[in-house]
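*Asks:* Sequence:
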Amino acid sequence: LTESLLMDDFGSNFHKEAPISMILQWTDGMRDSDDHEIIVLSQVLASPSTVGFTDFYNVILHKFNGESVKNLEHLILMVRASKEEYFEFEIERNNIIILPRKEVLKQT
12 LTESLLMDDF GSNFHKEAPI SMILQWTDGM RDSDDHEIIV LSQVLASPST
62 VGFTDFYNVI LHKFNGESVK NLEHLILMVR ASKEEYFEFE IERNNIIILP
112 RKEVLKQT
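Per my numbering: the sequence shown ends with 119, consecutive numbering throughout.
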């Protein structure tokens, strides 16, 4: 989550236009570690596996399959290593996006 992203997505008045959760992370967010980055799900791409989830956009990812995510590189490693039947993306406001792993991997 960067000021550049906020300005690109919401304009120079982003502090009034962006979701409050993003603004709070930008202004007050504390890193858990030196390599910690806030991951923003800017949109869910439409596919047969994501029906019903495309209304989620500009939300912060908190966990993947129950584990906290440090940064984008860590998320990629977690996805590649997962053997679970489903991918579970825990996002803000206690929402979870659950996708069938095998179907998602076929589509990517």
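Accuracy of the hints is not assured; some may be wrong.
Below, in silico cross-link-like pairs of lysine-lysine (DSSO-like), each with a Cα-Cα straight-line distance of 30 Å or less [what the hints assert, rightly or not]: (1) K113 <-> K81; (2) K74 <-> K27; (3) K81 <-> K94; (4) K94 <-> K117; (5) K81 <-> K117; (6) K74 <-> K94; (7) K74 <-> K113; (8) K74 <-> K117; (9) K94 <-> K113; (10) K94 <-> K27.
Keep in mind the hints are simulated off the structure, nothing from the lab. Since this is a predicted model, take the numbers as computed values, not measurements.
*Asks:* Which hints from the list above does the structure break, by number from lowest to highest?
*Replies:* 10
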